[in-house]
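Chemist: Single-letter residue listing:
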Amino acid sequence: MRTRGTGISAMLMALVAAFAISACSPHAADYRKRASMGETAFAVETDDIAAEIQFGREVAARMLADYPLMKDDELTRYVSLVAQALAINAGRPEIQFRVAILKSDEMNAYAAPGGYIFITRGAIKQMQNEAELAAVIAHEMGHITGKHIVNELNIHASDDSPVSGFTRFLGGAGDPAKLAFLNMVDKAMDILLVRGYKKEDERDADRRAVMISALSAYEPAALATYLGRLKEARGPEMESLNRTHPPFQERMDLIKAAITDNSLQREGYLMGVVRFNVYKKRLT
Amino acid sequence: MNMIDREDKAKQYGRLMAIKAALLVFAFMSLAAGYDVVYVQSARARVLEGPAFDSKISFIARKGQVLKVTEKKSQWVKVADGDREGWVLSILVGPGAPISRISYSSGNDRSSATKKRGRVSNFATVAAIRGLAEDDRRRLGHSGRANYPALEEVESLDIPDGELDLFLNQSR
Chain A
0 MRTRGTGISA MLMALVAAFA ISACSPHAAD YRKRASMGET AFAVETDDIA
50 AEIQFGREVA ARMLADYPLM KDDELTRYVS LVAQALAINA GRPEIQFRVA
100 ILKSDEMNAY AAPGGYIFIT RGAIKQMQNE AELAAVIAHE MGHITGKHIV
150 NELNIHASDD SPVSGFTRFL GGAGDPAKLA FLNMVDKAMD ILLVRGYKKE
200 DERDADRRAV MISALSAYEP AALATYLGRL KEARGPEMES LNRTHPPFQE
250 RMDLIKAAIT DNSLQREGYL MGVVRFNVYK KRLT
Chain B
0 MNMIDREDKA KQYGRLMAIK AALLVFAFMS LAAGYDVVYV QSARARVLEG
50 PAFDSKISFI ARKGQVLKVT EKKSQWVKVA DGDREGWVLS ILVGPGAPIS
100 RISYSSGNDR SSATKKRGRV SNFATVAAIR GLAEDDRRRL GHSGRANYPA
150 LEEVESLDIP DGELDLFLNQ SR
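First to last, the sequence lines map onto chains A and B. Counted from 1, the first sequence has number 0 at position 1 by numbering that gives the first Met the number 0; the numbering is strictly sequential. Counted from 1, the second sequence has number 40 at position 41 by numbering that gives the first Met the number 0; the numbering is strictly sequential.
Source of the hints: derived by calculation from the structure; they are not laboratory data. A portion of the hints provided could be inaccurate.
Claimed, not checked - Mimicking DSSO-like on lysine-lysine, the simulated pairs with C-alpha atoms at most 27 Å apart in a straight line are:
1. B:K72 to A:K255
2. A:K255 to A:K102
3. A:K255 to B:K77
4. B:K72 to A:K198
5. A:K198 to A:K279
6. A:K186 to A:K255
7. A:K198 to B:K62
Unchecked claim - With beta-carbon atoms standing in for the labels, derived distance ranges:
8. B:G63 to A:D104: 52 to 62 Å
9. A:R194 to B:G95: 28 to 38 Å
10. B:D80 to A:D104: 29 to 39 Å
11. B:G95 to A:P175: 31 to 41 Å
12. A:Q127 to B:L156: 35 to 45 Å
13. A:P175 to B:E70: 42 to 52 Å
14. A:G267 to B:L156: 27 to 37 Å
15. B:E48 to A:E249: 28 to 38 Å
16. B:S170 to A:D65: 31 to 41 Å
17. A:E238 to B:R100: 33 to 43 Å
18. A:R194 to B:G63: 38 to 48 Å
Quantities reported herein were computed from a predicted structural model and do not represent experimental measurements. Cβ coordinates follow ideal geometry from the N, Cα and C atoms, glycine included.
Next up, chain B with everything else stripped away, as it sits in the complex:
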């Protein structure tokens, strides 16, 4: 093989590799495409064979589980998980992963919302916990009053998991 033939072959090989690389990039982009998905928000969600409460259970989905959406009908969403499929109530699923409960703290820390990935909210200050002061409202000429002590009393009630379990068991 002479030098010209080798150069031609090298150029052809280079072109072919460039095309393959472009197609592979395109393929990976396509992978990220695909479907609408929903995440299970409740602790568990019954996925039924039909969009009706009296349908047989197809499978039980767990909190955070990702399900592919194939159809929507009224209060129901048809979902698939691999080769399993069925209908789940739309109120039990959502477009994003379930978020941990955001609770309100009346401590002195600057943030009252803690994010899973450690990004501190720039959201609430101690002053915000107490709300606008009464003199602020008066000075602004705003007549609306607010009862923060009563609110804090409402927020102070804590129901431990064990007490809720007992309550539920007494009912069933």
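So that you can see chain A by itself, here it is in the shape it has in the complex:
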């Protein structure tokens, strides 16, 4: 005897068969795991970002002890505006990017995790337009968006990390926790000022700089032009840059390849020569 439920059962079985086939996806198990983690995963991620920012602040404070801050509100505001224009396309909306100008004739720029970017007075003096300024900021942004120091030093918010332990219990943190944290900051400073990033991280930052610049309508080749000018520069002011980065020609070749591979060549990119030079005059 045919019952009312028989037709519904047949539909259900067909539906089941279709879904069962989808379970054969190689990503099935991983996605289920990620979906089921839900709020836990979300909370862990924001804690990790907060850990990154907290650590980055300490690194930034250390940098500002080694290099005095250049106190020029108008110039700083201009550089910050360029950074904010780039940040729109940097892919890390949770990070507040900040730029400070260091009163140093070295020609270099630095990035601390959590969004802190430093650029020297000496570097800006070598630039000829806003696109070159944007390119250097975008390169530093690339170190932050690529989480190069975060990954190198394993900065995260789990209970056993020195960063998390320190920030959670700072008021009553034991000396071992404080010392472990300080040692982590030392390692970050060593990367920034002494040995430099891994070569692959520098290449990644250059590629990201090309992308972020182009997305923000700045000439993506500007970084290669700026490096070409620095390549000819000599003197002690170049020492820190030479020590911490790959050879100029290698970087210029990679940048040009990234532009070609992604069909970025076109007319009409922003160079910002006039506006840049109005502010650059403040350095003389």
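Position chain B against the provided structure of chain A, taking the given hints into account.
Modeler: Same frame as chain A, now just chain B:
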């Protein structure tokens, strides 16, 4: 129909329902399977017909939009949204939903990171905002110095949205 026949039929019906229930559970689990997905992180992301900047626009994706990943190539990810598909730069998308900006506050509140779902971070204290005290460092025999007043000066600069919009409009 006698009692034995009814019992047999009831048992058969019960077995069939149990199998259907198990298959339905399996089906719902399968639903949660499926694909790699990415979330758009930037305010808007152009999804192009090919993995090159000079490709035509296929569609514009908005922040938080979920896209199914079908292929990866260098700096690009091929994504689909229903029957629309195209390539988007990998730096504009991420594996999780975009998180609101986490900003640093120097107020007296215990937490400086606010989560969307109201879970307060156990993360930062007022002391943490100032960092390790100078005497702490000296006592630990650590020579590294830190300039927190300069840091706070850097963090005090605020660029309102309107000023950024004006700056962008002057450029274009």
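Chemist: All hints, please: hold or fail.
Modeler: Structure-based check of all given hints:
For a cut-off of 27 Å, the pair hint linking K72 of chain B to K255 of chain A stands: about 18 Å separates their Cα positions. At roughly 31 Å between alpha-carbon atoms, K255 of chain A and K102 of chain A are farther apart than 27 Å, so this suggested pair is violated. As the CA atoms of K255 of chain A and K77 of chain B are separated by approximately 24 Å, the hinted pair is consistent with the 27 Å bound. Annotation: proposed proximity of K72 of chain B to K198 of chain A holds, straight-line Cα distance about 22 Å (limit 27 Å).
For the suggested pair K198 of chain A and K279 of chain A, the alpha carbons sit about 31 Å apart, so the restraint of at most 27 Å is broken. At roughly 32 Å between alpha-carbon atoms, K186 of chain A and K255 of chain A are farther apart than 27 Å, so this suggested pair is violated. Pair hint K198 of chain A plus K62 of chain B does not hold up; C-alpha atoms about 32 Å apart against a cutoff of 27 Å. For G63 of chain B paired with D104 of chain A, a C-beta distance near 45 Å fails the hint of 52 to 62 Å.
The hinted range of 28 to 38 Å is satisfied by R194 of chain A and G95 of chain B, whose Cβ atoms lie roughly 32 Å apart. Distance hint check for D80 of chain B and D104 of chain A: the Cβ-Cβ separation is about 51 Å, which falls outside the suggested range of 29 to 39 Å. Checked against the hint of 31 to 41 Å, the C-beta distance between G95 of chain B and P175 of chain A comes to roughly 33 Å, which is consistent with it. Taken as a hint, the range 35 to 45 Å is violated for the pair Q127 of chain A and L156 of chain B, whose Cβ atoms sit roughly 25 Å apart.
Against the hinted window of 42 to 52 Å, the Cβ-Cβ separation of P175 of chain A and E70 of chain B comes to about 48 Å, which satisfies the hint. Under the hint 27 to 37 Å, the C-beta atoms of G267 of chain A and L156 of chain B, about 31 Å apart, fit the expected range. Against the hinted window of 28 to 38 Å, the Cβ-Cβ separation of E48 of chain B and E249 of chain A comes to about 33 Å, which satisfies the hint. Checked against the hint of 31 to 41 Å, the C-beta distance between S170 of chain B and D65 of chain A comes to roughly 34 Å, which is consistent with it.
Checked against the hint of 33 to 43 Å, the C-beta distance between E238 of chain A and R100 of chain B comes to roughly 37 Å, which is consistent with it. The supplied range of 38 to 48 Å is met by R194 of chain A and G63 of chain B, whose beta-carbon atoms lie about 39 Å from each other.
Of the numbered hints listed earlier, those contradicted by the structure are 2, 5, 6, 7, 8, 10, 12.
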